[in-house]
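Starting from the given sequences, assemble the full structure and let the hints guide the process.
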Amino acid sequence: MKLPDQFLETPTRWFTYLYGLSSLFGITTAITFSLVWSHWHSTLNGCFSTDCGCCLYVTTTPGTITGSNIGVCWFITYAHLVIGLGGCAMTCWYCVRRVREQTRRARGKTRQRPVYSCSEHQEDSSFIVQALLSGVISVLLFSTAYMFTEGYIKTCSEYRRTVARNLKASGNLMDLISSRVSCTSILDMMDYTQPNTPRRAPRGGIINSALLLQTTGLLTWAHFGVWVVLLVYNTCLARQRAGLSGGGNDISWSVGVKPKQVPESEKMSVIGTETSI
4 MKLPDQFLET
14 PTRWFTYLYG
24 LSSLFGITTA
34 ITFSLVWSHW
44 HSTLNGCFST
54 DCGCCLYVTT
64 TPGTITGSNI
74 GVCWFITYAH
84 LVIGLGGCAM
94 TCWYCVRRVR
104 EQTRRARGKT
114 RQRPVYSCSE
124 HQEDSSFIVQ
134 ALLSGVISVL
144 LFSTAYMFTE
154 GYIKTCSEYR
164 RTVARNLKAS
174 GNLMDLISSR
184 VSCTSILDMM
194 DYTQPNTPRR
204 APRGGIINSA
214 LLLQTTGLLT
224 WAHFGVWVVL
234 LVYNTCLARQ
244 RAGLSGGGND
254 ISWSVGVKPK
264 QVPESEKMSV
274 IGTETSI
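Numbering-wise, the working numbering comes out as the position in the sequence shown, counting from 1, plus 3.
No wet-lab data here; the hints were simulated from the structure. Worth double-checking, as some hints may not be accurate.
[Stated by the list, open to error] Here are the simulated SDA-like pairs of lysine to any residue, each with C-alpha atoms no more than 20 Å apart in a straight line:
| id | residue 1 | residue 2 |
| --- | --- | --- |
| 1 | Lys157 | Cys186 |
| 2 | Lys157 | Ser182 |
| 3 | Lys157 | Leu179 |
The structure displayed is predicted, hence computed values, not measured ones.
Given below as structure tokens:
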């Protein structure tokens with residue numbers, strides 16, 4: 004896969020955008036999801052030996068609603084939070100680099116001049132490192148997105164049974180709840196009919212669990228998509244830069260200015276001089 008010239012010549016700008024999206028999606032995911040599971044934690048935590056207050060993979064019985072291990076919610080929340088904060092740091096780093104590049108251009112310091120190619124090789128190696136890191140993070144984010152989606156579907160299915168049981172549904176009403184009522188409506192019902200327990204939810208009141216969970220689900224997959232793009236972009240940059248630097252040239256040119264074409268006669272004279280030396 005070959006990148007267009009605008010993506011190859013200005014990677015700093017595109018890295019700023021992509022890492023900025025990662026920080027936005029990651030931090031927002033952590034906030035929206037933590038609002039839901041912290042609200043439901045005390046209601047769902049019915050275990051004695053472990054903390055099972057997570058709002059994903061919920062199980063129901065005729066008298067109780069029990070969540071899954073709280074580690075599931077912690078894993079999803081903190082994975083996106085840490086990666087989002089890392090994306091914020093990378094955004095700041097590339098913003099500084101971009102400002103410096105623009106400042107050099109404005110002062111006229113970005114002129115055509117030969118420089119040693121070791122900096123280019125260092126930049127190529129940084130693309131390889133970022134590609135490897137992006138691959139690991141993409142796998143991690145995919146696991147969180149898949150875990151959240153599966154847990155959300157499981158929770159919705161269990162809540163359907165609870166709503167049908169509370170309404171003493173049978174016949175067509177049971178079919179309606181099982182096949183026609185959306186997960187949004189089911190979760191809205193549970194927001195208003197959550198069981199009365201001695202332990203109050205820490206936030207109190209009623210929240211829109213369906214909206215927060217669905218927003219979290221969209222953001223988890225969007226965050227995963229950003230890092231897949233970063234993986235592909237870094238890989239293409241590393242391969243394309245390696246191809247450009249593999250032509251046997253000993254010098255490279257400063258950013259933003261194309262090298263001057265050297266006539267063939269001058270090239271031959273230089274080669275003859277080097278041979279005589």
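To see whether the hints hold, each was checked on the structure:
1. Lys157 - Cys186: Given that 20 Å is the threshold and the Cα spacing comes to 11 Å, the pair holds.
2. Lys157 - Ser182: holds (15 Å)
3. Lys157 - Leu179: Between lysine 157 and leucine 179 the Cα gap is close to 18 Å, so the pair holds against 20 Å.
The structure meets every hint from the earlier list without exception.
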